[in-house]
Amino acid sequence: MRSTNLPPELAKLRDQIRGYAEGFGLDCFETIFEMVPPDAINSLAAQEGFPVRYPHWRFGMNYDQYSKGYEWGMQKIYEMVINTNPSYAYLMSSNSHVDQKTVMAHVYGHVDFFKNNIWFSKTNRKMLDAMANHAVRIRHYMDEYGQDTVESFIDLCLSIDNLIDPNLPFLEPKKSQTTAAPQQQDIGRLKSERSYMDKYINPPEFVEAQKKKIAEQAKQSQKFPAQPERDVMLFLMENAPLNDWQHDVLRMIRDETYYFIPQMQTKIMNEGWASYWHSEIMTKKALNADEIIDFADHHAGVLAMQPGRVNPYKVGVELFRDIEDRWNRGRFGKEYEECSDLRQRENWDRKLGKGREKIFEVRKVCNDITFIDEYLTPEFVDRFQLYTYEYNKRTGRHEIVDREFSSVKEKLLNSLTNQGRPDISVVDGNYLNRGEILLSHKHLGMDLDLKYARETMRSIFLISTRPVHIETTVEGRKKVYSYSEKHEFTTNE
Amino acid sequence: MMDGTKRDHARFRQIIRGRIKQDLKKYIQHSEMFGRKGKDTVTIPMPQIDIPRFRFGSNQGGVGQGDGDAGDPVPGQGDPQDGQPGEGKQAGKDGGEHGLEVEFTLEELAEILAEELELPKIEPRGQKTLKSKVDKYTSIASQGSNSLRHFKRTFKEALKRQISTGTYNPDKPVIVPIKKDMRYRSWKSDVKHENSAVIIYMMDVSGSMGDEQKEIVRTEAFWINTWLRSQYKGVETRYIIHDATAKEVDEETFFRTKESGGTLISSAYKLCEQIINQDYAPSDWNIYPFHFSDGDNWSTEDTKACIELMKSSLLQKVNAFCYGQVDSRYGSGQFYKDLMEEFGSNDESVILSRIENKDGILASIKDFLGKGK
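Here the protein sequences line up with chains B and S, keeping their order.
Residue numbers are given in this note's numbering: position 220 of the first sequence equals residue 962, and the series is strictly consecutive.
Residue numbers are given in this note's numbering: position 109 of the second sequence equals residue 132, and the series is strictly consecutive.
Bear in mind the hints are in silico, worked out from the structure with no lab data behind them.
Misleading hints may appear alongside valid ones.
[Claimed, not checked] Derived SDA-like pairs: lysine to any residue, alpha-carbon spacing no greater than 20 Å straight-line: (1) B/K954 - B/I943; (2) B/K810 - S/D26; (3) B/K1135 - S/S81; (4) B/K1151 - S/G85; (5) B/K1106 - B/G767; (6) B/K1184 - S/Q83; (7) S/K60 - B/G767; (8) B/K810 - S/S81; (9) B/K810 - S/F79; (10) B/K810 - S/G85; (11) B/K810 - S/K62; (12) B/K810 - S/G58; (13) S/K60 - B/K1184; (14) S/K327 - S/L337; (15) B/K810 - S/T64; (16) S/K270 - S/S283; (17) B/K1135 - S/F79; (18) B/K810 - S/Q71.
[Unchecked claim] Facing chain B, from chain S, some residues (calculated, C-beta under 8 Å): (19) F77; (20) D90; (21) A164.
Cβ coordinates follow ideal geometry from the N, Cα and C atoms, glycine included.
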């Protein structure tokens, strides 16, 4: 897949833009641009950027939506780039030159981020091949076991593909659980006063039986899994009675999920970083005078804030600019924080000039959570008119609650925690000593959607073939919901 | 479209189709949810085919941006569809916002209906009078554009010419076509004769037919049209409304008009006969009169007159005469009983159906179309 079809004038632009990017200190993988017609962009977007995926209806559904969105002029995908080495990016053939330049600059921002952000450091940079291999294998299974069978199983796997442990790639490989040397335990000998009577009072068979019983008890009391397991997919891979092909399918889907996690963890930063650089590169270097209006128009569209909504591109880029400004002027640290003179704060300028350096550091070590946690300031919340809202049951609509810095920050962080999904782990793989599965939902103020919970538990039940239970809190009360063989969804109340 | 996408898209359509078939009753009852797109395409609200995942309940709070004081509603609610202009897309996990609709052609819809209701194909009667012309590239011409040139025929011509003029040398078989030898693919018009059909809708618009009844008629008419259009090439529709007198109207008026007069059904049947005599020779046309009312008629004499007219004239001309009685609070339902007495439920050319409420629409459609008339 060499960039054979990039016309010479665009190839020239590409080299130019790459030069500017490197001049600014961006450090990118080799990036290959593919020129594709709009329809192919929709196809590629439907397949999450990859040209070859396994057969699945949801890609078709995505395509249906994207192509309609394009046809009706509601949405247009300008840019797409895959985190691989070399990186692949797509240019839409119907775009104007100024758009292509902007997209290239934007893409180089992403690629620099892919290469340097620590959260991406464990991703498979040969994912293009991996995806293609998955496709081959799944097609093979479909030939052998039937499309419906395999596709239904894929549906089940996808249903739990958010039940994974985002930190897993950064953990030490699990140490094999070394069971502590069994203590010498009293095995329940009956008391005998006289030693010669002992073999009659405690005959060898009895002693054996007692030993066995104790060993069994010890095994049962051993927790399984020893620690709550957030990677439910892994737990099922290791413990569910799966066929070879099912095991393989589950593993492939799990691999794909892990590949995409860093992108979800850094959405605000990644888009912010790319937008920051496309505007730097374009306005300071690449833009011709006659292109300014078109660029401004496009740029304003991408960064538009719609009332009521937070645009991650906008928040990301503005936060990067804010950090750059603060570190340029030295508006941070103990002295600044403790300054209570408003005017002095306003005009604070230590002429440090460390802004650029700082944002490069931030792009290396942060993810969205630490980005917001560390660098969101009250001034920023104020300047961008951020507020929190809640659902009002009485009026049946979402209403603004307040503009307090602390609550805005808390809400933002909450929505980013665990990529905005419920935090659920397996706490007992042998629940009620019947080999049933007990999940636990770590409740952080938001209830589960019970309709979806029911369907998801059905999926886990169908994979594990054992009843599934979940501890959660609904409207302030602790509850356990169960999904059993009778395909019933019940609660303990 | 890329190959993989084509495959997945077809699969997606297949799943949606299956889901619609499964819930056909719901879809038929709520045909008002259908949107029209162009002549032959409808848009249908997409069935829920999400992959279920653990997620938070809706109505959770969040962070927004913009003006407003505490207690103000967050703008843009109830309108989750509007995408951001110029939104970029990173290769990532979040698939497209699920749009609400899928498109189906009327033909596909008729297919689904037929499969679910097990509708028999109609054996058309009458001569094939409707002419349709299809151009097919099956012919050869000596003139044409280069993109259509036919190499084999061209060289054959050249060979013929060279042999006849003696310039062909079998030991050194070089053939050079000249302009006169050139042959091009060309089209031939294929005239096909098709069966044609006309549907004549009649409806009682007297005061006792309420909005709910009319909605039922509209739904039935939509599906009847869809089915018959899938069976005949050219289908015409005519509309007659009646209270004590009858008149012909266009489709929109048909469903909108509300009169307060009494009811003389025979007036509509007479007009129907007149239209058939004028425009639709039974030897050429497949004729389907559909009459909907709540079963009230002014007098037993008029009912007699109706039956007389049907027997003496209408029934000989039509494929099937369909009467649908939409029960209403005011209607007596007498007309259905009278027809039933006269024709019974097994008459070849009279199809009677009672529709109690919206739930009865599916069964009624099967009544009307299930006989393969």
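Going down the list of hints, with the structure as the test:
no.	hint	in the structure
1	B/K954 - B/I943	holds (18 Å)
2	B/K810 - S/D26	holds (19 Å)
3	B/K1135 - S/S81	holds (12 Å)
4	B/K1151 - S/G85	holds (10 Å)
5	B/K1106 - B/G767	holds (13 Å)
6	B/K1184 - S/Q83	holds (17 Å)
7	S/K60 - B/G767	violated (52 Å)
8	B/K810 - S/S81	violated (26 Å)
9	B/K810 - S/F79	violated (28 Å)
10	B/K810 - S/G85	violated (29 Å)
11	B/K810 - S/K62	holds (18 Å)
12	B/K810 - S/G58	holds (15 Å)
13	S/K60 - B/K1184	violated (47 Å)
14	S/K327 - S/L337	holds (14 Å)
15	B/K810 - S/T64	holds (14 Å)
16	S/K270 - S/S283	holds (15 Å)
17	B/K1135 - S/F79	holds (17 Å)
18	B/K810 - S/Q71	holds (18 Å)
19	F77	holds (5 Å)
20	D90	holds (7 Å)
21	A164	violated (34 Å)
Going down the numbered hints, you'll see the structure goes against 7, 8, 9, 10, 13, 21, while the others check out.
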